[in-house]
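Chemist: Sequence:
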Amino acid sequence: MDVQLFYLLLSTALLWLTPSCYGRIRRPPPTPPPAIKEWTVEDYPNPQRQVYNCGRNGITSWVCDPNNLITHNEANYLDDMINFFMKKTKCACPKKCKRKNKGYHIAIALMNKMKPYSDFESFDDKLKHAAYFSHQLESMLWKYGMCQEDIVILYSKEDNVIYTMPGNNSRKILDGNMITEVTMESRVYFEPGKNITKGLETMIKGYRAAINGEYGRNRRTSSRTKDRLAASAQQSSNDVPSFKPALYATLLLGVFTALWTLSP
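Mapping to the numbering used here: the sequence shown position 232 is 380, numbers consecutive.
The hints are simulated quantities; they were obtained by calculation from the structure and are not laboratory data.
This structure is a prediction, so every number in the text was calculated from the model and none was measured.
Mixed in with the good hints there might be a few duds.
Stated by the list, open to error - Derived EDC-like pairs (lysine to aspartate or glutamate); straight-line CA-CA distance at most 20 Å: (1) K238 - D323; (2) K353 - D227; (3) K236 - E362; (4) K236 - E339; (5) K235 - E333; (6) K261 - D273; (7) K346 - D228; (8) K353 - E333; (9) K305 - D323; (10) K346 - D227.
As the list claims (entries may be wrong) - Computed spacing ranges between beta-carbons, pair by pair: (11) N216 - Q196: 32 to 40 Å; (12) K185 - K243: 37 to 45 Å; (13) N231 - C295: 16 to 24 Å; (14) D267 - K244: 20 to 28 Å; (15) C241 - M288: 16 to 24 Å; (16) N360 - S266: 25 to 33 Å; (17) K238 - E190: 31 to 39 Å.
Note that CB positions come from ideal geometry on N, CA and C, so glycine has one too.
Can you build the whole structure from these sequences, using the hints too?
Modeler: Right, here's the structure in full:
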């Protein structure tokens with residue numbers, strides 16, 4: 149065989165084998181499916197796994213924003229806030245988090261709209277829907293905590309609902325009153341044309357202060373306000389035929405938040 153031909157064939161073979169020898173070629177990111185405008189909880193993506201479907205450009209995140217309600221940089225900022233939150237709160241179950249040594253978890257679900265169950269949904273119906281949606285994310289689909297020390301904040305733009313669902317351990321501190329108080333501080337930022345990211349930042353800071361026992365007592369809502377919210381939430385919960393009675397107390401915590409935050 150001619151020497152030049154031999155080296156030409158050898159060079160060609162090496163070029164062909166290089167990707168398998170030195171690692172896979174970096175493939176372009178998959179094209180995400182068209183963003184769904186009305187979400188069911190079964191279709192809603194997981195920001196730790198479906199990083200492109202959550203609008204995070206391939207970054208593992210605690211923020212899912214498939215409809216791009218906030219910018220990529222704003223979502224990065226919220227991720228930084230959440231990571232700081234985990235570092236600055238103590239683990240609720242030390243035996244289960246010795247290695248990771250992380251505190252409470254927060255995850256954020258942003259969406260354009262929840263897919264309605266019927267052609268017409270009252271505001272109470274939307275609250276119940278948000279309760280179910282966030283409860284499923286927190287307890288069944290995402291489950292980011294080690295011992296239910298997680299918190300899911302859900303915001304649905306067209307439904308005009310902001311909803312907080314704490315896990316069982318988180319609920320020991322973040323009861324209905326505390327969630328309401330923290331959300332009251334942020335409600336102005338969820339009004340049309342306002343800064344959603346600032347509102348979520350305010351909530352994250354408030355929950356961190358509450359968990360660390362640093363939340364100011366001078367911010368307590370009046371007893372009249374609490375009574376009104378409790379009565380409205382109780383009425384709302386009584387009208388939920390699809391929920392098991394055992395879940396009513398759990399869902400009320402979120403109802404407090406949603407009723408006070410965005411109802412007219």
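Chemist: With 25 to 33 Å as the target window, see if N360 and S266 comply at their CB atoms.
Modeler: Since N360 and S266 have Cβ atoms about 42 Å apart, the given range 25 to 33 Å is violated.
Chemist: Hint check: K236 vs E362, CA-CA at most 20 Å. Holds or violated?
Modeler: Status holds; Cα separation ~12 Å.
Chemist: Given the proposed pairing of K353 with E333, does the C-alpha separation stay at or below 20 Å?
Modeler: Roughly 11 Å separates the two Cα atoms, so the pair holds.
Chemist: When you check the alpha-carbon spacing of K346 and D227, does it fall within 20 Å?
Modeler: Roughly 13 Å separates the two Cα atoms, so the pair holds.
Chemist: Check whether the Cα positions of K238 and D323 lie no farther apart than 20 Å.
Modeler: Roughly 18 Å separates the two Cα atoms, so the pair holds.
Chemist: Does the hinted range 37 to 45 Å hold for K185 and K243 at CB?
Modeler: 44 Å, holds
Chemist: Okay, D267 versus K244 on CB: inside 20 to 28 Å?
Modeler: Distance hint for D267, K244 is violated at roughly 45 Å.
Chemist: Tell me if the straight-line CA distance from K236 to E339 falls inside 20 Å.
Modeler: Distance ~30 Å between K236 and E339 Cα, so the pair is violated.
Chemist: Please test the hint of 16 to 24 Å on the beta carbon pair from C241 and M288.
Modeler: 19 Å, holds
Chemist: What's the verdict on K305 and D323, does the C-alpha distance respect the 20 Å limit or exceed it?
Modeler: 24 Å, violated
Chemist: In this structure, is the beta-carbon distance linking K238 and E190 contained in 31 to 39 Å?
Modeler: At 34 Å between Cβs, range holds.
Chemist: Please test the hint of 16 to 24 Å on the beta carbon pair from N231 and C295.
Modeler: The hint (16 to 24 Å, Cβ to Cβ) holds, given that N231 and C295 are roughly 19 Å apart.
Taken one by one, the earlier hints fail for this structure at numbers 4, 5, 9, 11, 14 and 16, listed in ascending order.
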